[in-house]
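**Student:** Protein chains in written order, with the numbering used here: chain A, 29 to 139; chain B, 29 to 139; chain C, 29 to 139; chain D, 29 to 139.
Bear in mind the hints are in silico, worked out from the structure with no lab data behind them.
Please note that the accuracy of each hint is not assured.
Claimed, not checked - List of simulated lysine to aspartate or glutamate pairs, EDC-like, C-alpha gap at most 20 Å:
1) B:Lys122 <-> A:Asp95
2) C:Lys122 <-> D:Glu117
3) A:Lys122 <-> B:Glu67
4) B:Lys36 <-> A:Glu78
5) B:Lys122 <-> A:Asp34
6) A:Lys122 <-> B:Asp70
7) D:Lys36 <-> C:Asp49
Stated by the list, open to error - Some chain A residues well away from chain C (every beta-carbon gap over 10 Å; in silico):
8) Ala38
9) Arg40
10) Lys55
11) Ser62
12) Asp86
13) Asp112
14) Val113
15) Asn126
16) Glu127
A virtual CB, placed ideally from N, CA and C, is assigned to each residue, including glycine.
There are 4 protein chains.
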Amino acid sequence: MNTLADLKNALRAFAAARDWDRYHTPKNLVMALSGEVGELADLFQWLTPEQAANAMADPELAWNVRDELADVFHYLVRLADKLDVDLVEAAFAKIERNETRFPADSPKPLA
Amino acid sequence: MNTLADLKNALRAFAAARDWDRYHTPKNLVMALSGEVGELADLFQWLTPEQAANAMADPELAWNVRDELADVFHYLVRLADKLDVDLVEAAFAKIERNETRFPADSPKPLA
Amino acid sequence: MNTLADLKNALRAFAAARDWDRYHTPKNLVMALSGEVGELADLFQWLTPEQAANAMADPELAWNVRDELADVFHYLVRLADKLDVDLVEAAFAKIERNETRFPADSPKPLA
Amino acid sequence: MNTLADLKNALRAFAAARDWDRYHTPKNLVMALSGEVGELADLFQWLTPEQAANAMADPELAWNVRDELADVFHYLVRLADKLDVDLVEAAFAKIERNETRFPADSPKPLA
Chain A
29 MNTLADLKNA LRAFAAARDW DRYHTPKNLV MALSGEVGEL ADLFQWLTPE QAANAMADPE
89 LAWNVRDELA DVFHYLVRLA DKLDVDLVEA AFAKIERNET RFPADSPKPL A
Chain B
29 MNTLADLKNA LRAFAAARDW DRYHTPKNLV MALSGEVGEL ADLFQWLTPE QAANAMADPE
89 LAWNVRDELA DVFHYLVRLA DKLDVDLVEA AFAKIERNET RFPADSPKPL A
Chain C
29 MNTLADLKNA LRAFAAARDW DRYHTPKNLV MALSGEVGEL ADLFQWLTPE QAANAMADPE
89 LAWNVRDELA DVFHYLVRLA DKLDVDLVEA AFAKIERNET RFPADSPKPL A
Chain D
29 MNTLADLKNA LRAFAAARDW DRYHTPKNLV MALSGEVGEL ADLFQWLTPE QAANAMADPE
89 LAWNVRDELA DVFHYLVRLA DKLDVDLVEA AFAKIERNET RFPADSPKPL A
């Protein structure tokens, strides 16, 4: 089974084979991430909450959602790699901070 | 060592303990993802390419970058979980499609 | 009454007085625009459609919405100024193209 | 000469003719704005600062930049209209607040 580490390495190899590391600077990758999140927003923007919740029941929409989630993830993993950040470790460290910021009886979600 | 599956489960437990699943609809999570990517853009927007490339050498900026990458990752993992998408699998499937779209001698990066 | 041209000039003067033109490059301004749209998303992300439709009835939220709309507009006007684009003219030209793309009996909104 | 008020009215008429007001809720319009800003980021993401500064010298890129700026402006004007916010007035009020937050000898731009 593929892991996040495998994905990081596969994306490195993909970029190296195309000489794209010169484009994949942190600043450019943040912009690319904005672009892909924008495409994800595009898929959901006119849906009602109910339609959005059932998005994966529509095969064409489901395919597009998977495709855009993959693009977002690609750039997030590339960006973290370039910045030498371990995403899973950073995410667990943030959960710990959020446990303090938002105690378990916290009425509103984090902004 | 923590895995992406561990993170998905930890985020599920965090939301469940706060009764936040009612907020974590696909549409809302896409907006939350946009918000967090916007905060990441905030950190890099006024940096020169050189400053951005050295972002992690500044301890305060490095801390903030890790913090924002964690927030982006949280919402991406939550969204994929709610949509029942395996992020790593979707990302590898997209690499395969990109191999076709951008042969190894492709001069320009994917838009 | 202030016009869009007045606003463009006021923002020019504001940046000039702080020597901020060196930061206000097109690429940086696009990132700043992403950041501010992210803050706008933040305000609406957990609201139900009904709460969002009544956002301006809550004085604190209304203040924040005006504040964030202003920030988005600032960067959009600055960016268009730096690129020498007349926003109103470009917007009317696009309406004309959309009249063709989406005839008046068009069932779905533009993506 | 067309004004911002003319544009607001033209966009209202465009939506009304297509019965699109049911889609143009504040929450949906914020998402649409994110989507269009993402497309703008797309145009600039791989450009060097120098290439970005000269974007309008390339006729095809210039056309696309105008097109995307128009889309961003459309949704911003629609959103402000739906929320009953006067964009120019809100933008001038924010300049006043920024005058206080960032005195004229302020060394760094607003985040």
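**Student:** Taking each numbered hint in turn, which are not upheld by the structure, reported in ascending numerical order?
**Tutor:** Of the numbered hints given earlier, those the structure breaks are 2, 4, 7, 10 and 11, listed in rising order.
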